[in-house]
Amino acid sequence: MLRFTVRRLLQAVPTLLVLSILVFAWLRLLPGGPATALLGDKATPEKIASLNAVLGLDRPIFVQYFKFLGRVLTGDFGASLISGDAVLSEIGRALPATIELSIAALVLAVGFGIPMGYLAAHYRGRFLDNATVLTTLVGVAVPVFFFGVLLKYVFAQKLGLLPPSGRQDVTIDATHITGFFTLDGLLTGELDATWDAIKHLILPAIALASIPFAVIVRITRASVLDVQQEDFVRTAESKGLTTATIRQRHVLRNALLPVSTTIGLQTGLLLAGAVLTEKVFNWNGLGSLLAQGIERRDYPRLQALLLLAAAVYVLVNLLVDISYAIIDPRVRVR
Amino acid sequence: MLPTRAVGLRRIALIGLAGALAVTTAACASERGSGGSASDTFIFGAAGAPKNFDPIFNDDGESFRPARQMFDTLVTYKPGTTELQGALATAWTPSDGNKTWTFTLRQGVKFHDGTPFNAAAVCFNFDRWYNMKGAAAQSQMIYYGDVFEGFAKNEGDISGEPVYKSCEAKDDHTAVLNLNKAKGAFPDAFGLTSLSMSSPDALKKWDADTVTQSGEAFSYPPYATDHPTGTGPYKFDSFDKANNTITLVRNEDYWGEKAKTAKLIFKIIPDENARKQELAAGTIDGYDFPSPADYNSLKDAGNQVLIRPAFNILYLGINQKNNPKLQDVRVRQAIEYAINKDQLVKNRLPQGAYAQDQFLPNNVPGYTNAVAKYSYNPDTAKQLLAQAGASDLTLNFYVPTEVTRPYMPNPVDIAAAITDDLKAVGIKVNVVQEPWNGGYKDSVQKAGKQDLHLLGWTGDYADAGNFIGTFFGRPKAEFGFDNPQIFNALSTADAQTTPDAKKAAYENASVLISQYVPAVPLSSSPPGIVVRSDVQGLIPTPLTDERFYTVTKGSKG
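First to last, the sequence lines map onto chains A and B. Taking numbering that gives the first Met the number 0, the leading residue of the first sequence gets 0, the next gets one more, and so forth. Taking numbering that gives the first Met the number 0, the leading residue of the second sequence gets 0, the next gets one more, and so forth.
Bear in mind the hints are in silico, worked out from the structure with no lab data behind them. Keep in mind that this is a model prediction, so the values were computed, not measured. Check the hints yourself; a few may be wrong.
[To be verified] Lysine to any residue pairs mimicking SDA-like chemistry, simulated, CA-CA at most 20 angstroms apart: (1) A/Lys41 with B/Asp145; (2) B/Lys240 with A/Leu29; (3) A/Lys41 with B/Gly149; (4) A/Lys41 with B/Ser442; (5) B/Lys445 with A/Leu38; (6) A/Lys41 with B/Asp544; (7) B/Lys448 with A/Pro30; (8) A/Lys41 with B/Lys422; (9) A/Lys198 with B/Ala241; (10) B/Lys324 with B/Ser513; (11) B/Lys445 with A/Asp172; (12) B/Lys445 with A/Arg58; (13) B/Lys445 with A/Arg27; (14) B/Lys262 with A/Asp172; (15) B/Lys324 with B/Lys422; (16) A/Lys41 with B/Gly47; (17) B/Lys182 with B/Glu160; (18) A/Lys41 with B/Glu148; (19) B/Lys448 with A/Leu29; (20) A/Lys41 with A/Arg295; (21) B/Lys182 with B/Gly149; (22) B/Lys180 with B/Gly47; (23) B/Lys240 with A/Ile171; (24) B/Lys262 with A/Thr174; (25) B/Lys324 with B/Tyr515; (26) A/Lys41 with B/Asp187; (27) B/Lys152 with A/Ala52; (28) B/Lys240 with A/Pro95; (29) B/Lys240 with A/Leu87; (30) B/Lys298 with A/Tyr152; (31) A/Lys41 with B/Ala446; (32) B/Lys445 with A/Gly55; (33) A/Lys198 with A/Asp172; (34) A/Lys66 with B/Thr211; (35) A/Lys41 with B/Arg105; (36) B/Lys257 with B/Arg105; (37) B/Lys182 with B/Asp126; (38) B/Lys240 with A/Asp84; (39) B/Lys502 with B/Ala184.
Take the sequences, apply the hints, and build the full model.
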């Protein structure tokens, strides 16, 4: 298992290197540049040229790349053009926000998705099944930003049940330790801060969960239906096992194999969903950093974020493979 | 046994989850109702984070907004107008042909760190700016570079002779500023937020001048990030980057009228729709530059949309370099005759906007009715084109996308209206769209690829030089012409030392420009600012430099 893990990790190195070249070249081939965004409306072409010179953006692209690579190898991703903060500290600050949101979304998607998928399969062709299929179709089809705006309109603006955006009420003087606002309040005993953070978390988590939830329901449903036809289920039935035992030990367990792959892939995709969700809900996480970075051509921030996203993908895929090995012992043997 | 228990556990878990969700929602409902914030806290939705808090290193509105609440300048602009009034200086007197400015300083003023504001502090600030070292730091001092034209040792793009010569503290309350040459921008430019007064002690303590390069960006010193120290009505408290909020607290020792709210919070919300929804939900009390398309719905929801007097210019640029036919003034006049500005203003620009016949808003000295007028007349346009042998004219029209500016809420719509007008007189128009941050400004201002383009300007202070001097004061790739008569008229106007002479000289320049038609002035538009119904005391100003210390929040209307 260890050798397998190490080999997979080593395979990621050339992937990331090639990706770094692509990201670097792509950013610099885009028209415009950070100087225009940095200097605002009053920037003259001379000032933009001068700033480019100061930043080293007027040098040949391969020189820029090797300087960048040299810094990255020493762990220095530079500072954000927008905030002036070190990119890594920006990411460090935004990461808990995105993780908190992603975990909440995943919990909702998995917590509701698997049971609903299972029930839909169980009641195949009946009302519950049809309703579930329809719901998931809507879940996949409706764009996240639209769904987000709709949720905000109904629950924040019209009903006033939940806050429309942000991570915490600005008037709450909360202490932040880990950056996970829901956890910080528990650690410091500021329970009102935790409660407020949870309230802020609900709508964006629902919005972000919509697509993975729909996908998980559908995969679970299809997978359960598949497995129910398998020989070993018939064997179990003929052995006289109770329905509950068959469902638990044989059907659900085997059906979860493709579901776990899906969950892994969806976790990777959550970052993409987070860009839109975070923008709509003014959630100060990686997605917001990325969106703002693209808008203002913040090269250092974009480079770091895109490489991070790639690294997350590699890591998630690795974890999926490991979870395979745990769920299905045959993988371990192979 | 085990599977049954598992099923049971699963059921309990599911019921628990559903229950938790229900309780959450119910509890949220019960907590709601207090809605919004306490009356001693004013929460303003900002569109972006400030670059930093040291005014000298900033040049954009989002950075200036918090700075203006914490810092004062020597002179300032009377709320709601562009007229000058005293701030940290109670009087400012020019002498020696405007090369010397004597400031009488307000007494009893203290910086937020308790140190006194006096003539030595004023000179410390001016000397600091002039002696700033390093290309990185100098490159960030956009306004200082523009106004003072250089440093003790130029390390950035500036190569001219600096305007600043020296500053002497004659006594505690008299600072004398000596310049190498007179400059028309003064005294108005002394009110620029960039030229705010900082505490010398704090500047030294927090290493204020050390701007360093980190990779391809800049890092700012602790003074600029965490310890801005001015004399303003609010003091810096914190910038919570995880929650994107800037908190300022009332300066109890403020020399003027004390701030009405104990706290002023800027909540950074980059998405405009999100700002609108936060306003509706009562979690912010106001935000800047609402889209004109939202004015009515915002008002219908009970908010106040405050319209500022217009202080900007939108123009249709003409670049004479690429198409020789544009070098014929009759063709440029024809373009201006062809555009139905009144219709454009009525259909595409916000309430309060007006059509322009010159490049100055009507509240800036130098604005004159004597300019040559080219009122909408498609027939005249066609005749002029025929006379100039340009009836088959084809023009490349560059239009910015992904941008909204106070002077052009929707450039693509505005460009479409202009294109229709030009086509109606027989001009073929090839529209080229480019994103604002994706190369548009490079294409039109640096490379001059266009024949026509849309651009504009918001004034910094009420000096005509800040408008027409910036546009037409020297040859530029954007316009591709060389007209010494106009350049000289503008530099002569800039050198005038009395307000009357300056006004007359800029009027003369405006007339010359109108006869030459280097571009087509289109409109001036008033940007709005929206606040909730219970907010009082906010005075919208044409310079968009509102101070929030006069703001109160009452019961909800």
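We went through each hint and held it up to the structure:
1. A/Lys41 with B/Asp145: holds (10 angstroms)
2. B/Lys240 with A/Leu29: violated (29 angstroms)
3. A/Lys41 with B/Gly149: holds (17 angstroms)
4. A/Lys41 with B/Ser442: holds (16 angstroms)
5. B/Lys445 with A/Leu38: This hinted pair holds, its Cα atoms lying about 15 angstroms apart.
6. A/Lys41 with B/Asp544: holds (16 angstroms)
7. B/Lys448 with A/Pro30: holds (14 angstroms)
8. A/Lys41 with B/Lys422: With Cα atoms ~32 angstroms apart, A/Lys41 and B/Lys422 exceed 20 angstroms; violated.
9. A/Lys198 with B/Ala241: Since the Cα atoms of A/Lys198 and B/Ala241 sit roughly 17 angstroms apart, the hinted pair holds (cutoff 20 angstroms).
10. B/Lys324 with B/Ser513: Distance of about 19 angstroms is within 20 angstroms: holds.
11. B/Lys445 with A/Asp172: violated (48 angstroms)
12. B/Lys445 with A/Arg58: Holds, at about 18 angstroms.
13. B/Lys445 with A/Arg27: Cα-Cα ~18 angstroms, so holds.
14. B/Lys262 with A/Asp172: holds (12 angstroms)
15. B/Lys324 with B/Lys422: This hinted pair holds, its Cα atoms lying about 17 angstroms apart.
16. A/Lys41 with B/Gly47: holds (17 angstroms)
17. B/Lys182 with B/Glu160: Holds, because 13 angstroms separates the two Cα atoms, which is no more than 20 angstroms.
18. A/Lys41 with B/Glu148: holds (15 angstroms)
19. B/Lys448 with A/Leu29: OK: B/Lys448 and A/Leu29 at ~17 angstroms, within 20 angstroms.
20. A/Lys41 with A/Arg295: holds (16 angstroms)
21. B/Lys182 with B/Gly149: holds (14 angstroms)
22. B/Lys180 with B/Gly47: Violated: B/Lys180 and B/Gly47 sit about 38 angstroms apart, past 20 angstroms.
23. B/Lys240 with A/Ile171: holds (15 angstroms)
24. B/Lys262 with A/Thr174: holds (18 angstroms)
25. B/Lys324 with B/Tyr515: Distance of about 14 angstroms is within 20 angstroms: holds.
26. A/Lys41 with B/Asp187: holds (18 angstroms)
27. B/Lys152 with A/Ala52: Distance of about 18 angstroms is within 20 angstroms: holds.
28. B/Lys240 with A/Pro95: holds (13 angstroms)
29. B/Lys240 with A/Leu87: With a Cα-Cα distance of about 14 angstroms, the restraint between B/Lys240 and A/Leu87 holds, given a limit of 20 angstroms.
30. B/Lys298 with A/Tyr152: Within the cut-off at roughly 18 angstroms; holds.
31. A/Lys41 with B/Ala446: Since the Cα atoms of A/Lys41 and B/Ala446 sit roughly 17 angstroms apart, the hinted pair holds (cutoff 20 angstroms).
32. B/Lys445 with A/Gly55: Holds - the C-alpha atoms of A/Gly55 and B/Lys445 are around 19 angstroms apart, at most 20 angstroms.
33. A/Lys198 with A/Asp172: holds (16 angstroms)
34. A/Lys66 with B/Thr211: The hint holds at about 17 angstroms.
35. A/Lys41 with B/Arg105: violated (32 angstroms)
36. B/Lys257 with B/Arg105: holds (16 angstroms)
37. B/Lys182 with B/Asp126: holds (19 angstroms)
38. B/Lys240 with A/Asp84: Roughly 11 angstroms separates the two Cα atoms, so the pair holds.
39. B/Lys502 with B/Ala184: holds (12 angstroms)
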